[in-house]
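Protein chains in written order, with my numbering: chain A, 1 to 265; chain B, 266 to 509; chain C, 510 to 771.
To be clear, the hints were calculated from the coordinates, so they are not data collected in a lab. Only a predicted model underlies this, so the values are computations on that prediction, with no experimental measurement involved. Note that beta-carbon positions come from the ideal geometry of N, C-alpha and C, so glycine has one too. A hint or two may mislead.
Short derived list, chain B residues pointing at chain C, Cβ under 10 Å [what the hints assert, rightly or not]:
hint, residue
1, Val-298
2, Pro-300
3, Leu-315
4, Ile-316
5, Pro-317
6, Val-318
7, Gly-405
8, Glu-427
9, Ile-429
10, Val-435
11, His-460
12, Glu-461
13, Phe-500
Covered stretches of chain C (in silico footprint by chain B; criterion: 3 or more residues with CB under 8 Å from a CB of chain B, positions within the stretch not fixed) [stated by the list, open to error]:
hint, stretch
14, 677 to 683
15, 702 to 711
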Amino acid sequence: MVIEAQPHRAVFFLGRTAVGVIRTVGSMVLLGGRALSGLRRPTWPAGELFSQAYLAGNRSLLLVAITLAFVGMVLVFHACIQSQRVLGEMSLVGPAFLQLIIREFGPTIVALMIAARVGAGISAELASMVVTEQVDALRMNGADPARYLVAPRLVSVWIMTVALCVFGCAVAAVSGAVTANLLFGLSYDTFISFSMTRTGDLVTGLAKASAYGFYIPLAASWAGLSASSGSEGVGRATTAGVVVGSLGVIVLSAVIGAAVFGLGL
Amino acid sequence: MITFQDVTIELNGVRALEEVSLCVEPGELMGLVGPSGAGKSVLLKAACGLIPVTSGRIEIAETPLNELSEDEILDLRRRIGMLFQQGALFDALSVFENVAFPLRRRDWPEQEITDRVLIELERVGLSHAAHLLPEELSGGMRKRTGIARALVTDPPVGLFDEPIAGLDPVTGSRILNLLRTASTERKVTSIAVGHELDTLLPVCDRVAMLLDGRLVYLGSASEMPEAEHLAVRQFFMGSEEGPL
Amino acid sequence: MGIEMRNLTKRLGGETVIEGVDLSVRMGEILFVVGESGAGKSVLMRHVIGLHKPDWGSVYVDGERVDSLPEKKLYTVRERCGFVFQHPALLDFLSLEGNVAMPLRRRRGMGGTQAAEEARLWLRRVGIVDEGSRFPDEVGAGVKKRASIARVLALQPRYVVYDEPTTGLDPVSARRIDALIKRHAEEQDVSTIVVSHDLRSLAIAHRVAFLHRGRLRATGTLDELRASSDPVVRRFLLGGNPQSTEALATQDDDICYSYRRE
Ligand SMILES: Nc1ncnc2c1ncn2[C@@H]1O[C@H](COP(=O)(O)OP(=O)(O)OP(=O)(O)O)[C@@H](O)[C@H]1O
Ligand SMILES: Nc1ncnc2c1ncn2[C@@H]1O[C@H](COP(=O)(O)OP(=O)(O)OP(=O)(O)O)[C@@H](O)[C@H]1O
Ligand SMILES: [Mg+2]
Ligand SMILES: [Mg+2]
Numbered sequence: 001m002v003i004e005a006q007p008h009r010a011v012f013f014l015g016r017t018a019v020g021v022i023r024t025v026g027s028m029v030l031l032g033g034r035a036l037s038g039l040r041r042p043t044w045p046a047g048e049l050f051s052q053a054y055l056a057g058n059r060s061l062l063l064v065a066i067t068l069a070f071v072g073m074v075l076v077f078h079a080c081i082q083s084q085r086v087l088g089e090m091s092l093v094g095p096a097f098l099q100l101i102i103r104e105f106g107p108t109i110v111a112l113m114i115a116a117r118v119g120a121g122i123s124a125e126l127a128s129m130v131v132t133e134q135v136d137a138l139r140m141n142g143a144d145p146a147r148y149l150v151a152p153r154l155v156s157v158w159i160m161t162v163a164l165c166v167f168g169c170a171v172a173a174v175s176g177a178v179t180a181n182l183l184f185g186l187s188y189d190t191f192i193s194f195s196m197t198r199t200g201d202l203v204t205g206l207a208k209a210s211a212y213g214f215y216i217p218l219a220a221s222w223a224g225l226s227a228s229s230g231s232e233g234v235g236r237a238t239t240a241g242v243v244v245g246s247l248g249v250i251v252l253s254a255v256i257g258a259a260v261f262g263l264g265l
Numbered sequence: 266m267i268t269f270q271d272v273t274i275e276l277n278g279v280r281a282l283e284e285v286s287l288c289v290e291p292g293e294l295m296g297l298v299g300p301s302g303a304g305k306s307v308l309l310k311a312a313c314g315l316i317p318v319t320s321g322r323i324e325i326a327e328t329p330l331n332e333l334s335e336d337e338i339l340d341l342r343r344r345i346g347m348l349f350q351q352g353a354l355f356d357a358l359s360v361f362e363n364v365a366f367p368l369r370r371r372d373w374p375e376q377e378i379t380d381r382v383l384i385e386l387e388r389v390g391l392s393h394a395a396h397l398l399p400e401e402l403s404g405g406m407r408k409r410t411g412i413a414r415a416l417v418t419d420p421p422v423g424l425f426d427e428p429i430a431g432l433d434p435v436t437g438s439r440i441l442n443l444l445r446t447a448s449t450e451r452k453v454t455s456i457a458v459g460h461e462l463d464t465l466l467p468v469c470d471r472v473a474m475l476l477d478g479r480l481v482y483l484g485s486a487s488e489m490p491e492a493e494h495l496a497v498r499q500f501f502m503g504s505e506e507g508p509l
Numbered sequence: 510m511g512i513e514m515r516n517l518t519k520r521l522g523g524e525t526v527i528e529g530v531d532l533s534v535r536m537g538e539i540l541f542v543v544g545e546s547g548a549g550k551s552v553l554m555r556h557v558i559g560l561h562k563p564d565w566g567s568v569y570v571d572g573e574r575v576d577s578l579p580e581k582k583l584y585t586v587r588e589r590c591g592f593v594f595q596h597p598a599l600l601d602f603l604s605l606e607g608n609v610a611m612p613l614r615r616r617r618g619m620g621g622t623q624a625a626e627e628a629r630l631w632l633r634r635v636g637i638v639d640e641g642s643r644f645p646d647e648v649g650a651g652v653k654k655r656a657s658i659a660r661v662l663a664l665q666p667r668y669v670v671y672d673e674p675t676t677g678l679d680p681v682s683a684r685r686i687d688a689l690i691k692r693h694a695e696e697q698d699v700s701t702i703v704v705s706h707d708l709r710s711l712a713i714a715h716r717v718a719f720l721h722r723g724r725l726r727a728t729g730t731l732d733e734l735r736a737s738s739d740p741v742v743r744r745f746l747l748g749g750n751p752q753s754t755e756a757l758a759t760q761d762d763d764i765c766y767s768y769r770r771e
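Build out the structure end to end from the sequences listed, making use of the hints.
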């Protein structure tokens, strides 16, 4: 009996999870749609875009710099050692590293940082507005929270994410070049070479950065606005924002990677 | 003006309201009382569409709420002034900006906003505190800021969740006077929730009492002590013995 | 012994919120602090447990001066002096009993079963022992309030300060809280300060202090205050009386509250 019951339970579980995911994605898409429709006629207070962008940038600039510097350092260190052993020389480490950073690691790692830092901030802020009924008070004044709160965050975090991705790639490249130069005596000219980086890589990197930049604030806002009442609601919403945000980044990375591969870029 | 018809509301499987029917006439001030958790706040939020009904029908100014789209509801809400139980002040904005907020949403000219807000703040006795942030206010001052924000647009409908909770008797009766004159002189249709029966009931036209989501009393305040329901009488007297 | 404030003055945000207040409460006494909204009652109470530091004057608890104590030493003061906040946050993930037991384990170093037993004892004293296993979001505001009072009282403080204990409660729950405060003060010989707007609660007061715009305007028993000739005090004590509501609106000279048509 017990053995028979197991598959049912698994099916139930899978079914419930699938329904949950579809529902989450659906409500996020609706929220995004409403937020975007608010861009046509902005109603948020003047200066909101700037202050949100400043907040997002300020929160993550140092974090992104430090993380990407270390990522560049570690990757290049191992790549140099492997390349030395297998190929006997290291002239390809730089070009290969730069391609990998631009196409894959730069945007994704930066996005994970932003999802944790900025996403958590947005979720917590909106969730505490929900539990103190401030969101209801907005509704009572004819202000749609999607357009009034989410739209400006979407735009400014999007811009900041793209900018931080570019910045993060640059930091990784510099730290990688310095590592290769100091530890392995590789010249900067040999290291910083875009011979292996094609337009497709650049497009992929930028596509990922923009997708993350749109997705992270959306996921965070969705989590914040669906907070349940009570003091626990804020904490739960913040965690949900970070989890849904980071998971989504990983999934998006795979999806975009596959799409680009399918297009043959 | 505000009509509830057999309204039942379930929240996460909990029955918060059960078959409540009541009607607030234009210009009437209705007091809404009941023990904690009876569903008073839920009723107010349902009246402006912040909580959807499970079954039944709510009409505001002849418009049934459940037939409206989200945008139409946003529009309808502009004609409702609402005071939330916890104030729901925007904590990034000063007292002045909080009260000015509804007017800014209506694109009033700057000069008119200033004049109007200052008048409203004076009415609730907060002229001196216009520049303070919500965190710098006392409990009662927060409440009064919320009241000023609810009334600043001269709404035809007012929903007040515990307008005088945490106010001293003098300030409390001033605020009640404000609500009373608003409905008598400007025909604001209002519901006021409160626990302070001594001060609240005398200014209300009629009183409704909720108990566990059901309407157990609807009528004049003076007849409350003679109500059939034992709980209503106990509630009115505030005595410790009884079914509550 | 007792709590004593001497010539207390506090400025906040560029304004003098408390001005030269002298106030004391004796052992076993129930002192009510009343006054208009924004008069400074909550700010004054926060001085007792060091949440505010006075700009001028001093606060004594048991004869020990506490206003200049460093944060660490304030813990011993806060242990002796319980404070019931107006919106006390119970922990959502603990039952009511768990909420009362937690500080007992952490502050009294009690074992699990002993703390639970003690917690049940206090829940019984405040009259909600049957609800002990329920969670805060399953019970009404009156029960939550009593649980939060039990949480403070279980630590057996010698002094208890209540900030608006009956605000937002229905009349039946409010009277139960009053009875609870009175019984606890008398049985345990605890000095009690209550900030309240509820004139019906004044029935349990031994002494009433009236605060007006940051200054102490009058102190005395309820009867003494009722007999006071000070118009501000009289108006305040009449404020809860419905018959006087009409009279008040006309008496009111400093601020015009009545709704005029423009
Ligand atoms: N978001 C929600 N989810 C689930 N249940 C809820 C929710 N909001 C309210 N309730 C439940 O609905 C009932 C009525 O709550 P409501 O807040 O209307 O009480 P109230 O009469 O306003 O009480 P109080 O005087 O304490 O403000 C309560 O049992 C409460 O637990
Ligand atoms: N952090 C702060 N910054 C500036 N002003 C403050 C601050 N905290 C309190 N105040 C001011 O102190 C005054 C007294 O506040 P307090 O909270 O003590 O009033 P209260 O007597 O408790 O009133 P209520 O009955 O409304 O709770 C108010 O005018 C308030 O604006
Ligand atoms: Mg309520
Ligand atoms: Mg206070």
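Given B:Leu-315 was flagged as interface, is its beta-carbon under 10 Å from a beta-carbon of chain C?
-> violated, 19 Å
Let me know if the C-beta of B:Pro-300 comes in closer than 10 Å to any C-beta of chain C, holds or violated.
-> Because about 5 Å separates B:Pro-300 from the closest Cβ in chain C, which is inside the 10 Å limit, the hint holds.
Given B:Ile-429 was flagged as interface, is its beta-carbon under 10 Å from a beta-carbon of chain C?
-> holds, 9 Å
Was the hint right that B:Val-318 lines chain C, CB cutoff 10 Å?
-> Hint on B:Val-318: violated, closest Cβ of chain C at ~22 Å, above 10 Å.
Given hint B:Val-298 near chain C, where the shortest CB pair must fall under 10 Å = It holds, given that the least Cβ distance between B:Val-298 and chain C is near 7 Å, below 10 Å.
Hey, does the B:Glu-427 contact hint survive, CB to chain C under 10 Å?
-> With a minimum Cβ separation of about 6 Å from chain C (threshold 10 Å), the hint on B:Glu-427 holds.
With 10 Å as the cut and Cβ atoms as the points, is B:Gly-405 at the interface with chain C?
-> Holds, about 3 Å.
Let me know if the C-beta of B:Val-435 comes in closer than 10 Å to any C-beta of chain C, holds or violated.
-> The hint holds - B:Val-435 has a Cβ within 10 Å of chain C, the shortest such distance being about 4 Å.
Examine the stretch 677 to 683 of chain C for residues whose CB is less than 8 Å from any CB of chain B, and state whether their number is three or more.
-> holds (count 7)
Going by Cβ atoms only, is B:Pro-317 closer than 10 Å to chain C?
-> violated, 21 Å
Under 10 Å, Cβ to Cβ, is where B:Ile-316 needs to be relative to chain C, so tell me if that hint holds or is violated.
-> For B:Ile-316, the interface hint is violated, since the closest Cβ of chain C sits about 17 Å away, which is over 10 Å.
Hold the hint about B:Phe-500 up to the distance rule: shortest CB distance to chain C must be less than 10 Å.
-> This hint holds: B:Phe-500 lies near chain C, its Cβ roughly 6 Å from the closest one there, short of 10 Å.
Hint check: violations occur at hints 3, 4, 5 and 6; the rest are consistent with the structure.
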